[in-house]
Structures are given as C-alpha cells and as structure tokens.
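Trainee: Each protein sequence line maps, in turn, to chains P and Y.
Counting from 1, position 74 in the first sequence corresponds to residue 74 in our numbering; the numbering is continuous, with no gaps.
Counting from 1, position 45 in the second sequence corresponds to residue 1045 in our numbering; the numbering is continuous, with no gaps.
Note that these hints are calculated values from the structure, not bench results.
Note that the Cβ used here is the ideal one computed from N, Cα and C, for glycine as well.
Hints may contain errors.
As the list claims (entries may be wrong) - Listed next, the stretches of chain P that the computed footprint assigns to chain Y, with coverage defined by at least 3 CB atoms under 8 Å from CB atoms of chain Y:
no.: 1; segment: 17–27
no.: 2; segment: 35–49
no.: 3; segment: 78–86
no.: 4; segment: 102–111
What the hints assert, rightly or not - Reference excerpt, derived from the structure (chain P facing chain Y, CB under 7 Å, subset only):
no.: 5; residue: Gln64
no.: 6; residue: Ile71
no.: 7; residue: Glu75
no.: 8; residue: Glu115
no.: 9; residue: Thr116
no.: 10; residue: Cys118
no.: 11; residue: Tyr131
no.: 12; residue: Ala151
no.: 13; residue: Ile160
no.: 14; residue: Ala168
no.: 15; residue: Val221
no.: 16; residue: Tyr223
Protein chains: 2
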Amino acid sequence: MQRPVASSLNCITPLMAISPAALQDALHWRYATKAFDPGRSIPAETWTALEQSLVLSPSSYGLQPWKFVLIRNPELRQQLRPHSWDQSQITDCCELVVFAGRRDIEQADLDRLIETTCQMRGLAPEQLGFYADLMRRNLVEHEQLPASAIAEWVGRQVYIALGTFMTAAALLEIDTCPIEGFDPAAYDRLLGLEGTPYRSWVVCAAGYRATDDKYAQLAKVRYPAEQLIERR
Amino acid sequence: MQRPVASSLNCITPLMAISPAALQDALHWRYATKAFDPGRSIPAETWTALEQSLVLSPSSYGLQPWKFVLIRNPELRQQLRPHSWDQSQITDCCELVVFAGRRDIEQADLDRLIETTCQMRGLAPEQLGFYADLMRRNLVEHEQLPASAIAEWVGRQVYIALGTFMTAAALLEIDTCPIEGFDPAAYDRLLGLEGTPYRSWVVCAAGYRATDDKYAQLAKVRYPAEQLIERR
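Okay, chain P solo, but in the shape it has when bound:
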C-alpha cells in the first residue's frame, strides 16, 4: 500500500485515504504518554514524515511564523528536565520538539513570504498586492490585531502545528506527549532563543510508550459528543 511521496509540492496528487474507522482507531489509540521506552528509535522514514507534518502544517496567511527546535543532545535534555517539572519524557523520548513562535511580525517577514511565493508560483510581486496589503494592514499596521495581541496570535498558530503533529504521529503509530509544564524563559535561555525573534511556546515528546506505562491502559476521558457539539 506504499505510494511514492508526491514529487512536487502541490495539492492535486491523488490520495490513498484511510477509512473513517482507521482514523478513529488511531485517535483512540493516542494518549499523552507518560513513560517512553528509551531504547526504541523512530525509523528514519517515519520521522522524516513527521518533520514534514511540521513543515506542511497550516498557518494563517501561510505565514509559518514558527521554528521547531529538535533536541537530541542528551546533555541538553538533562539540563532542560529540571525546568520541565522533572518529567521523564524530556530525557526518555526518542524525539523532543520545542515549538517556538515569532515574538512579533515585521514587514521583513511578509516580504520574505511574498518573495518565496513569487518564486514558487512563478508570479511577480505585483500580482500578490492584495494579499501583501492585507497581511501588512493586519499584522504590521495592526488594523485587526493590536500589537500586543500578535505574540498570542502566533502562539495559536503554533498550536495548530502541535495538533497536526500529534495527529500525524498517531496515524504512524508514534506516541507523543504534549508538555506545557515547563519554564519557557529557561528553555529560551538554554536553547539560545533569548534575544532572538522566537520564543518557546510548547514542547512535544515523541517515541514509543513503555510497555509498563499504566496510563496507556486507562479509559480515555471525554465528554459525550452531545455536550461538545452544538447543532444549528
């Protein structure tokens, strides 16, 4: 059932979709893994696809106002762990991703996006004038979002990538644990993000659940759909 990866970045490649039942299976199977098996590695092909899930994640305007810091260095993980409520996932998982977002959006960010878009789509910047103006008015001149709200808006975009990553991982039978219990200031210092345009927002550990992680066997707690979904 393997298909070659789409050879170019476009949206018209025919798909091999999964069944609705298989999707639900994967989402049921997922849980916030508390104990990872430190001895198991994610196969390279699988991890590459998960990195691509980060790269391909949707963001408002397609702005990609983020950076993903992938931490494999064991000493650095040891340093981060005490700033993460001493959670074992930080050191025991196979891949540790810090999701970072722009502290602010500047005209140069928009110019970079317009330039990249023109290159990839064979357009002249004038053809993207409406799009460029819209972004400038909203993000740089703050017609819609006040300046103070930009960082929070970026934070929300970052969480789209987090949701994308965890869902993609579950489909590939890779366990994850999203982690908000950490000190962003300490992370920024240890990761060298201090004084840069990026700040850390959330962390996600990925790998394989330990066979004795008792949380894997607990019933998933969700409110019934009738309470969460309103129909109009």
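Dock chain Y against the given chain P, drawing on the hints supplied.
Mentor: Just chain Y, lined up with the frame of chain P:
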C-alpha cells in the same frame, strides 16, 4: 482494509497505521480551499469520524475547554457570511464548524472533569487529588497563569483541535478551509454565545473543493525544512 471502530474508549487497540508516504501525500494534498462544491455532501460515516476527531482532540489536562458549533442552517449561514469578509466558503461548504472556547475556567469545570474521570475509570475523587490540586492552583488560583491569560490559553487549546480536525480531514480526503477572517462578536451574537461561558475563536469549513478552484493547483509555499527545523 476497514476495521471496526474501537468498541470502548481506550488507548490499547491495535492500529492499522498508514505509511509515512501516504501521510505526506495527504498533507501535500491539503490546502486552504477557497471554492467548495456546494452540491457534494460528506458521507455520514466520514463526518461522524471527523466529529470524533473533535471530541478526541488532545487538550491540556484533558480539560476540553471547548464547544464546537456545527452550522447547517442555510439562513444562519447567510447571516454569518457578511461577518466573514463575505467569503463563499461560509455558505458553500458542506459542514461549517465554529470552534468556541471557555472565556474563563471555574472550579465547577474542574469538578466536572474529576467527576467524569472517576466515573470512567472507576476511581474515587481522593485518588485524583494531586491532579485536581494542580489544575486548581494553575487555572483557578492562577499560580502559573494569570487570570487575564486564561482565555488566551483556552484559545491555544482550541487551535489544537483545529489542527487535529484539518489533519484528520485531509486523511479522509475531505477539504477544509480555516477561517480567522470573521467578526467574533457578531458570531457570538448570531450563535447565541453572548453572555455564555463560551466565545468563538476560529471557523473551519469542510467539504469538497470545486473542480475549478484555481488555488488547488498552485504550488504549496513552504520554507525549506532546514530553515524551519533547528537541530540541537
């Protein structure tokens, strides 16, 4: 290749995973659909799985501080469209979901979660004391998050659900368009959320791309992985 849906909510169901290549195919295929085919409906089994992707979406503490308003009423959609930059997706898509989040977190929300957890896992509330205290200190007594930051924190959780939903949809070959270009106050008024504990954060249209949506054929614009992923 169809499997029965997991019969109970747990995390140990064996999975039928997809291949890394198929995942990447789906993520390449996805794009923010500008023109939906108003004549095509999502099959019931597929839509049920997508509703479940909302219900099963991860959230911090498993708190589920959200509500998903599903709008099928054509008159209501017509009323919402002028408050959504007159975007055609609002009226032409098959399913329109407004992602709403709690304005604040109260002790009663935590009590409800603890009670539900005890019921589903056969526990006594005392056994969840650590978890209950942690949530209370952080979300109600504001040891970690100031009161003013709670709504924004909820907003980020809501965006996890948005990322989960769009990724799940792409895997099922369902098109989506995330929409931030709308007036949340007008939505809250028209949806009856005004004066309730919930506010609208983001909208997502779902359905099938129109065969003449020219955006489907544009190259996807992404920065190279080397620029988005830092390795430590």
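Trainee: Next, verify each hint and record whether it holds.
Mentor: Results for each hint:
Counting residues of the segment 17–27 of chain P whose C-beta lies closer than 8 Å to any C-beta of chain Y gives 11; at least three are required, and the coverage claim holds. Counting residues of the segment 35–49 of chain P whose C-beta lies closer than 8 Å to any C-beta of chain Y gives 4; at least three are required, and the coverage claim holds. With 0 residues having a beta carbon nearer than 8 Å to a beta carbon of chain Y, the segment 78–86 of chain P misses the requirement of three or more and the stated coverage is violated. Given as covered by chain Y, the segment 102–111 of chain P fails the check, having 0 residues with a CB less than 8 Å from a CB of that chain where 3 are the minimum.
Interface restraint check for glutamine 64/P: the shortest CB-CB distance to chain Y comes to about 6 Å, inside 7 Å, so the restraint holds. For isoleucine 71/P, the shortest C-beta to C-beta distance to chain Y is roughly 5 Å, which falls under 7 Å, so the interface hint holds. With a cut of 7 Å, the hint placing glutamate 75/P at the interface with chain Y is violated, because the nearest CB-to-CB distance is about 10 Å. Interface restraint check for glutamate 115/P: the shortest CB-CB distance to chain Y comes to about 10 Å, outside 7 Å, so the restraint is violated.
Contact between threonine 116/P and chain Y, as hinted, is supported at the beta carbon level, the nearest pair being about 6 Å apart and thus within 7 Å. For cysteine 118/P, the shortest C-beta to C-beta distance to chain Y is roughly 9 Å, which exceeds 7 Å, and the interface hint is violated. With 7 Å as the threshold, the beta carbon of tyrosine 131/P stays out of range of chain Y, its nearest partner Cβ sitting at about 11 Å, so the hint is violated. Given the 7 Å rule on beta carbons, the hint for alanine 151/P is violated: about 10 Å separates it from the nearest Cβ of chain Y.
Interface hint status for isoleucine 160/P: upheld, as the beta-carbon distance to the closest one in chain Y is roughly 4 Å, under 7 Å. For alanine 168/P, the suggested interface contact is upheld, since its CB lies about 6 Å from the closest CB of chain Y, less than 7 Å. The restraint placing valine 221/P at the interface with chain Y holds, with a minimum CB-CB distance near 5 Å, inside the 7 Å limit. Taking 7 Å as the C-beta cut-off, the interface hint given for tyrosine 223/P holds, the closest approach to chain Y being about 6 Å.
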